[in-house]
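Taken in sequence, the protein lines are chains S and X.
Each step along the first sequence adds one to the number in this note's numbering, with nothing skipped, and position 142 is 142.
Take the position in the second sequence, starting the count at 1, then add 303; the result is the number in this note's numbering.
FYI, nobody ran anything at the bench for these hints, they're computed from the structure.
For glycine and all other residues, C-beta sits at the position ideal for the given N, C-alpha and C.
Hints may contain errors.
Simulated coverage check for chain S against chain X, where a stretch passes if three residues somewhere in it have a Cβ under 8 Å from a Cβ of chain X [as the list claims (entries may be wrong)]: (1) 165-176; (2) 179-185.
Short, incomplete list of chain S residues facing chain X, as computed with Cβ under 10 Å [as the list claims (entries may be wrong)]: (3) 188; (4) 189; (5) 190; (6) 242.
Simulated restraints on C-beta separations [stated by the list, open to error]: (7) 311(X) x 275(S): 51 to 61 Å; (8) 445(X) x 101(S): 53 to 63 Å; (9) 96(S) x 524(X): 42 to 52 Å; (10) 96(S) x 357(X): 17 to 27 Å.
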Amino acid sequence: MIALAASIAALVALAAVPLFLTDYGLGLMIGMAGYVTLASAWALFSGQTRYISLATVAFYGIGAYTVAVLNETIAYPLVLACAGLVGAGLALVVGLSTLRLSGIYFVIFTFGLAELVRQLITWYEVNVTGTLGRYIFLDITAREIYWQLLALGTFTIGLTAWILRHRLGLALKVIGDDETVAAHAGIDLARTKLIAFTLSATIITLCGAISSPRWTYVEPIIVFNPNVSFLAVIMALLGGANRLWGPAAGAVPLFLLFEWLSVNFPDTYPIILGLMFIAVVFLLPDGVLGGLARLRQRGKAAA
Amino acid sequence: MSILEIHEATRIFGGLTAVNKVSFAMEAGEILGLLGPNGSGKTTLLNLLSGALAPSAGRIVIGRRDMTGRKPNIIARQGVARTFQLVRILPSLTLEENVIVSAVFGRNRHDKEAARRIARAALRDAGLEGMETCSAGDLTYLDQKRLELARALAAEPDILLMDEWLAGLNPTELHEAVALVRALSGRGMTIIMVEHIMEAVRALCPRSIVMNAGTLIADGPTANVLNDRHVVAAYLGEADDA
Ligand SMILES: Nc1ncnc2c1ncn2[C@@H]1O[C@H](COP(=O)(O)OP(=O)(O)OP(=O)(O)O)[C@@H](O)[C@H]1O
Ligand SMILES: [Mg+2]
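Bound conformation, chain X alone (with noise of 0.2 Å):
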């Protein structure tokens, strides 16, 4: 059964249309390279399906629930969690404010004990055990990122999306970072990675779909989409553009 369906998804800026009429499925466990190059609607079709952005048209079903359009606290509640492109973390909060945060308003509204015990378990896995009591506000860009993980993985959630939450780690830190994406997987979480680096993607997603201008070009394993006439043509086309 599937737990995530996207119905001809549009959005449409003004005159542009980022997201063009995307339709795919993804089964309860699976993990789903998103790729494609810069502006062509990735995070665009994230923001529809966390509830950032309303769609303009077509429909996103998750869980058999009809989730269009609704408010991201909504998405939330049903199972789904994010990280952002550009990071968002909470500044003037301690490390362990901002991962209890959607464990207090997740989905499973746990109480402020339990609620701390599963920040504390999230920030150890997301590698920033010990710094509880930090402020957010004086981390570096990597810990931040961490941070913004942690805070979706305290929300419990079924499915993952992450936004190029890869980028910008060393080879050290992305092979950790790698281990740790395979390890929630390896829970059962359903994931969504959007991805430039594409090492990470074939040793992580079985499956990948490309998107250029908006489109949906391609849907299949990894290693054929990588290898299919259109994808490459849009990433040599971006190569011209260049």
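Just chain S, same shape as in the assembly (with noise of 0.2 Å):
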């Protein structure tokens, strides 16, 4: 009870802070709630499953693509249900091809989706409607960018805090632990894999259509980059992606980092980003929060 009335509060809070900010500060504010979204959204498959989808911005890019085709034929809210679909229907042909392959085939694979999606845009722009480039012309400010990935990233950690509660989240877990078991157990495995997957890869898309008006031009190499998805991975990994509220906690200091190295360190940023991914992945598979938790528990049982 407590715990809602705080989690209210702190949304409300959230929401107001854009009313007494620069628009530089609106800018970081929309990063971080950018990237707490895709980090969760991430985790709420590859979290629980330990899948690893580096796809994140193949979905990421989709979104923010459906929108710059359509942001002047139709409708807003229409524009963001067409992205969410195409996200959606995207996710369950690329889940039912590919959630039987296992650990690194499934990484790279996924590595290599963000790719194909990339070039296959680039090829059917250049060669079929002949602008590589788009507009996005959208009477859409800074702040109501911001209010829309607030309450989409709202809503990803409140749907991840009731799938963990209910079985779909148990499934998760216990998959991301031993899929044999899982399976004999009754658990069906593509059905619960391709369910999460799909539902963390329309979030991403839509944060991707939600998040494009920023950018008023688009191109491929612009909305597919791969740093998005790397920095999703780490965000996650770093907070403790098996846990509700760890990839929000990694996302929101890594942004201000990576921002600040970015305008400081353009040339070592993607040296730095790699290396990280390289550290995290090693050193931290249970992410800060995790491991806080472990020490938690050790002075507990000292004690």
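Assembly of the complex is requested from the two constituent chains, each provided in isolation within its own frame, with the hints serving as guidance.
Here it is as structure tokens:
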């Protein structure tokens, strides 16, 4: 009860923040809200099942591209609905064809998927429509983008909380620990993974769609930037990908850190990103929150 | 009426026929010893029964339903549960969660409350009472084995497959474990035990079957089977190799 009241108060405060910020500050808040959403949505599937997906930017970029294609033809809410449907449809196809892959094969496939989607769109734009870049003319303010991302992020964390308390969450956790045991206990592996993957990918697509008006001008190379996929993984893993608040806890500081790095060390930034990816995957598989929980437990045991 | 019928079940790995045209049937409530030297195909046969592997040929009928080549989750819903030779637990979950899984997703799809009740009873049966909230990753090897059995029991199976579940127990523990298996059998469960501990097989299994190099070489009352010329030769052959 107190937790709920505190959450609502925090949410109201977060919603009110843009009223007091400069444009630069608001830009940072948008970035943070976006990455909290991306990392949490990524963790909804990958954090529980431990299938590391690098397809985040494939869906994110598709969301942005859907807006770029449709923004002048239909109303904004419909554009978002279309983006969600396209993302969900692609997630179903990709899920059906890849969720049998295990371990590193899944990682590589999802990474390739983002490249494939980018190349396909580039090819299509160059050869069929003859326009590589597109403009997004939408009457949406930065504040509105922030509020939408805040709502989507809240929805994502709320949905994760709900899932973790229900059968689906238990099934995902068991799959993450041991698929053979999961199947022998009666869990339908394909169905469970497909549902979670599709939910996660649809949210990621919507996140891309909502964020896209910030760009004004989009091009495949801009919206399908693989750094987005790596960032989502690092943030979620650093915070603790199988914990409700882990991805958010990782996303906020890391977004600020990377923002600072990309401004001050634009050349070494990709190297730092790569090193962090490796460090987090190897050193902190449970994330900082997981490590803290272990320490607490040890403290209790010692006491 | 047979609860389990296996017709010429075969499994080939590359050029190796690990299970070769094995046929047998079991009546409900029977407890069967599945014996044979190392590498003779016992675990592979259990894998065919539980759906972990699909047979290359042959037919598997469980409770009158043809389950040949079905996925493990479907076969589990048909009332089959198992333990694994190389113990498999869910290390990041608590003991209770480990066991609740098969009550929640198994044949009876229990809701949370009922599943918790069943899980606690199963943990008690397996000798893990009072450890519900421990993390499974911290268990000793022996307790991991108990946990696996509890998980199998919480599925409320008709047929229980145990792959060397008694291996590694000391004499006192073995005595307790034998009593536990006997009690399960007394509840009407049909049990297949892969086992190398002959003392336990003699005590528990009125009937045994023996595999050698993938083929079924004996099927009958345990005492007769253990004295069978071919069976003795198979085990001696293994001793020669060693
Ligand atoms: N997945 C697999 N791929 C290839 N070969 C396999 C596979 N599983 C088992 N085998 C082979 O099949 C044969 C039978 O193995 P299996 O594990 O069924 O024997 P077992 O009777 O259970 O032996 P043990 O008493 O040592 O447990 C062995 O030669 C083994 O190497
Ligand atoms: Mg074996």
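Consistency of the hints with the structure:
1. 165-176: holds (count 6)
2. 179-185: holds (count 6)
3. 188: holds, 5 Å
4. 189: Interface hint status for residue 189(S): holds (7 Å vs cutoff 10 Å).
5. 190: holds, 9 Å
6. 242: Hint on residue 242(S): holds, closest Cβ of chain X at ~8 Å, below 10 Å.
7. 311(X) x 275(S): 51 to 61 Å: holds, 57 Å
8. 445(X) x 101(S): 53 to 63 Å: violated, 36 Å
9. 96(S) x 524(X): 42 to 52 Å: holds, 51 Å
10. 96(S) x 357(X): 17 to 27 Å: holds, 20 Å
The structure does not agree with numbered hint 8 stated previously, though it agrees with all others.
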